[in-house]
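Visitor: Chain by chain, the residues:
There are 2 protein chains.
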Amino acid sequence: MAVGPGNIVALAPIAGVRIGVANAGIKQVTRPDVVLFEISASASVAGVFTKNAFCAAPVHVAKEHLQGFNEVNAARYLLVNTGNANAGTGEQGMLDAKLCCQALADKLGSSAQCVLPFSTGVIGELLPTAKITSVLDDVIRSLQMDNWRAAAAGILTTDTRIKGHSVSFELAGKSVLITGISKGSGMIRPNMATMLGFVATDADISPSVLQKLLTDATDQSFNRITVDGDTSTNDACILIASGASGVSITENTEAYVVFKQQLNALMLEIALQIVRDGEGATKLVKIVCEHAATVAEALEVAYTVAHSPLVKTALFASDANWGRILAAVGRSGLENLDVDRLKIYLDDICIVENGGRATSYTEEAGAKVMAQDEILIRIVLNRGEVSEAVWTTDLSHDYISINADYRS
Amino acid sequence: MAVGPGNIVALAPIAGVRIGVANAGIKQVTRPDVVLFEISASASVAGVFTKNAFCAAPVHVAKEHLQGFNEVNAARYLLVNTGNANAGTGEQGMLDAKLCCQALADKLGSSAQCVLPFSTGVIGELLPTAKITSVLDDVIRSLQMDNWRAAAAGILTTDTRIKGHSVSFELAGKSVLITGISKGSGMIRPNMATMLGFVATDADISPSVLQKLLTDATDQSFNRITVDGDTSTNDACILIASGASGVSITENTEAYVVFKQQLNALMLEIALQIVRDGEGATKLVKIVCEHAATVAEALEVAYTVAHSPLVKTALFASDANWGRILAAVGRSGLENLDVDRLKIYLDDICIVENGGRATSYTEEAGAKVMAQDEILIRIVLNRGEVSEAVWTTDLSHDYISINADYRS
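Sequence order for the protein chains is A and B.
Take 1 as the starting number for the first sequence in this note's numbering and just add one per residue.
Take 1001 as the starting number for the second sequence in this note's numbering and just add one per residue.
What the hints contain is simulated information worked out from the structure, not anything from laboratory work.
Incorrect hints may appear among the rest.
A few chain A residues that face chain B, going by a derived Cβ cut-off under 10 angstroms, partial list only [claimed, not checked]:
| no. | residue |
| --- | --- |
| 1 | D228 |
| 2 | N252 |
| 3 | G330 |
We put the CB at the ideal spot given by N, CA and C, even for glycine.
From just these sequences and the hints, can you work out the full model?
Guide: Spelled out as structure tokens, the structure:
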């Protein structure tokens, strides 16, 4: 199941980035499960990674390679596989990730340092390196610019839809493109929330500025979504700036502001596509905590509501059981929370005020909102001026089925 | 569904405590939904209550009355109803709770201050006070010492089983009794974890010592269980010491140590009965975090695993998907967690060591443990000497069904 229509816009090729796909039969036999990005030598590359302490071997290796780049070595290749996360695989997992990087580098006359590896899939099984290396020739042969859609399909696991978005806008009289894809459906919780995201632009941006743009955009997109509160061991998002458009983006310019806006919007779009395709999801729920004293407390309240199994099952039932929202807010741990000043809304319907059900509230009005595919829950704390939003799904029978049956 | 056999021991009457039950038809029509405890004038009474900021009107009133006791006024009556939580009901809820206390006091020639009210059931609907006051004569008429089992049935909501335990032991050559009952099945998470617990002993204990004993016992029992991580607005646990046995318990004595041990064991027993009857539960899971640096980090790790929907669905599937346990430990937020030093066990089977699957581990050994009704997950951090345990359930289709259908 998934929320809303699943069609995505055409994914514009980005000059300076070519993509290859192949099927290695790791877990899928009917669709590609190995994806290769080839990046022009002059491009900048930035990355953000999971904060799970048990981060997977490819995450360790990708971070290590990314940090080691200099004038000689740069990220030239992203090698992605699905079907196996190479997580919880200890020392052997590290050797396996490096082996794949080296095998690819050997075929391309490059250095293993220039390859960033990414894996997603089941945790705790050794990476089938032979299957991956056996299709490297295929994947290299298939490299072409217009392969984003095939890549979006090739990085999926339990996802039911491909995820991607593309925008084009003018800067300094020239056209600039950003295209991105993502994957993720379960084990979705910041930081990072996505399991994998790959975004590229043809703007010309220095590595340090690119890293800042990516970190900020991630914080407002992938790091604001949650399906089940479980942070993956393999989450990673990469942003590539090829420079092919000839448009240079530097800080403290109007171009920077426009680019940042466009990037943030694109990343939020591909983050929300993950929530819409959340395991078993039948609703897309935006939870906004307004007039909080701090960002931390706004997020604490929003996430407590977003993760409450009782709220999520009420959402699945389209039941305006506002008492469960109220109870979740109440247990979110805020000091000196004055429940009499707080208001809770379903879309524009006030459901809670003065510590209880709003006098204007009717079950009919609440039921009408809950029947929607997309629901806004607004919690107005009246403790300050900060507002933060997170996005989540309901909790359905299909979530249980998908996750009780995943390994079988 | 529930875990293990549901039979409980005979619940011994406690001299100094009489119990009445009646059916007011609040939500149930086939079983009692109003329960009254009458406590002898010389008894001590202690209470612990939910920390949810949206605590229900009866919790406010019970705390207020309990704090106001002195030589003249003491807790003489506990008035409990199910079917309606009187939570999220604002000012009217306070008036309704007090009205019921007053109505009872009038009939008994007592003061409203001497009545502690308790409500459990649906949140956000006004308490049907007329239904409750109309059965006060019935409930008073039915007062008798040997009514604990009827009371255990009368305080249930979505529970499928009655919960109670009774112990008898010798102190100073005399017999001492403790009997307790509890209810709770969903919206179960410290603090408090139970929705309601009533425990009485015939030992003679001062109010301040009784409060200390109750707080300590609660912390090791009701505050160590979780079904769905949702803390109720109505949780309360009351401990009564009638003194009828003539055995006095004071601090820093051998009798105190023995009594405390017996009380803690009884409260853990009735807390675990709640977990066994957790909504949709098919497994009782004890999660122990050993060799942690602090109590806080031990509990953080244990609760993160206990609340992980992915771990809980794997438990439901009897799937030894240890990668999900590892991922949950990894995201629990411990600073500088060295994943290579950590070990994870299913019962005595080591599943994780050196950052990955234990070399001695076999799927068969893991599957054998997971097939059990009761499962022990041990996480050995090797960061210190602290050990803490929590108890939880799996997450099943029935949990979704129960909570998606609750109000309909």
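Visitor: Report holds or violated for the interface hint on G330/A, using the least CB-CB distance to chain B and a cut-off of 10 angstroms.
Guide: 3 angstroms, holds
Visitor: So, as I understand it, the hint says N252/A touches chain B; can you test that by seeing if any CB pair is closer than 10 angstroms?
Guide: 35 angstroms, violated
Visitor: Holds or violated: the hint that D228/A contacts chain B, with Cβ atoms closer than 10 angstroms.
Guide: 4 angstroms, holds
Hint 2 from the earlier list is the only one contradicted by this structure; the remaining hints agree with it.
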